[in-house]
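Enquirer: Here is how the chains run, residue by residue.
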Amino acid sequence: QKEVEQDPGPLSVPEGAIVSLNCTYSNSAFQYFMWYRQYSRKGPELLMYTYSSGNKEDGRFTAQVDKSSKYISLFIRDSQPSDSATYLCAMSVDDYKLSFGAGTTVTVRA
Amino acid sequence: DTGVSQDPRHKITKRGQNVTFRCDPISEHNRLYWYRQTLGQGPEFLTYFQNEAQLEKSRLLSDRFSAERPKGSFSTLEIQRTEQGDSAMYLCASSSATNEKLFFGSGTQLSVL
Numbered sequence: 001q002k003e004v005e006q007d008p009g010p011l012s013v014p015e016g017a018i019v020s021l022n023c024t025y026s027n028s029a030f031q032y033f034m035w036y037r038q039y040s041r042k043g044p045e046l047l048m049y050t051y052s053s054g055n056k057e058d059g060r061f062t063a064q065v066d067k068s069s070k071y072i073s074l075f076i077r078d079s080q081p082s083d084s085a086t087y088l089c090a091m092s093v094d095d096y097k098l099s100f101g102a103g104t105t106v107t108v109r110a
Numbered sequence: 111d112t113g114v115s116q117d118p119r120h121k122i123t124k125r126g127q128n129v130t131f132r133c134d135p136i137s138e139h140n141r142l143y144w145y146r147q148t149l150g151q152g153p154e155f156l157t158y159f160q161n162e163a164q165l166e167k168s169r170l171l172s173d174r175f176s177a178e179r180p181k182g183s184f185s186t187l188e189i190q191r192t193e194q195g196d197s198a199m200y201l202c203a204s205s206s207a208t209n210e211k212l213f214f215g216s217g218t219q220l221s222v223l
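For the protein sequence lines, the chains are A and B, in the order given. Going by the numbering used here, the residue at position 108 of the first sequence is 108; the numbering climbs one at a time, nothing skipped. Positions in the second sequence are counted from 1; adding 110 to them yields the numbering used here.
Next up, chain A with everything else stripped away, as it sits in the complex (with noise of 0.2 Å):
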């Protein structure tokens, strides 16, 4: 079993919608968890950081994290097409060392 388990969809919906995305994972020391988006042959870029759990906002994006169920979300509100992308959950113990999910592939369509 992985440590960090992440559907990888791939995941299709009609601009406008909410793309709800989600991974679990089985190390209780998590305490640093991300969200990363990855477009095709590029690095992944950093687009929600959180610290313990807890909810947090930033534009159309809203990170929630549940360490009693061992479960982390992403929510992306009033989808375009430029979100089109792969989505990393990204988690780590300490600081440096992050575990991944496989990604989930949404495509946003016009």
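Calculated from the structure, these hints are not laboratory results. Think of the CB as a built atom: it goes at the ideal place given N, C-alpha and C, for glycine as much as any other residue. Errors might be hidden in some of the hints.
Stated by the list, open to error - In silico contact screen, one side only, chain A against chain B (beta carbon under 8 Å); selected entries: (1) Ala-29; (2) Tyr-32; (3) Lys-42; (4) Gly-43; (5) Pro-44; (6) Leu-47; (7) Tyr-49; (8) Leu-88; (9) Tyr-96; (10) Lys-97; (11) Leu-98; (12) Phe-100; (13) Gly-101; (14) Gly-103.
With the hints as your guide, set chain B onto chain A.
Expert: Structure of chain B alone, referenced to chain A:
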């Protein structure tokens, strides 16, 4: 601030050859990381530097792999006697000691024929 820079962007080599990649971190960042990503998977941690000191190496980093960061600035990752299984995207990231957020470069795509 030009972000994390990696060179080359693409490298095609024959099995058994040696290859070297370079990473230039964000200038004020003293931490530098190497990750490897294969198709359809998330990046996997390889190694980590704080300034010029290599503080941790993953078991994924076999004896054929060596990373350096002379003077705590740019870093190089060398793979000796490449194998087809080394084909992957090699990603470099950097962060500052006071901010845990990692910023990644665009990666070097290695293809071993």
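Enquirer: Next step is simple, just say for each hint if it's right about the structure.
Expert: Consistency of the hints with the structure:
| no. | hint | result |
| --- | --- | --- |
| 1 | Ala-29 | violated (15 Å) |
| 2 | Tyr-32 | holds (6 Å) |
| 3 | Lys-42 | holds (5 Å) |
| 4 | Gly-43 | holds (4 Å) |
| 5 | Pro-44 | holds (5 Å) |
| 6 | Leu-47 | violated (11 Å) |
| 7 | Tyr-49 | holds (6 Å) |
| 8 | Leu-88 | holds (5 Å) |
| 9 | Tyr-96 | holds (5 Å) |
| 10 | Lys-97 | holds (5 Å) |
| 11 | Leu-98 | holds (6 Å) |
| 12 | Phe-100 | holds (3 Å) |
| 13 | Gly-101 | holds (5 Å) |
| 14 | Gly-103 | holds (6 Å) |
This entry does not satisfy hints 1, 6, going by the numbered hints stated previously.
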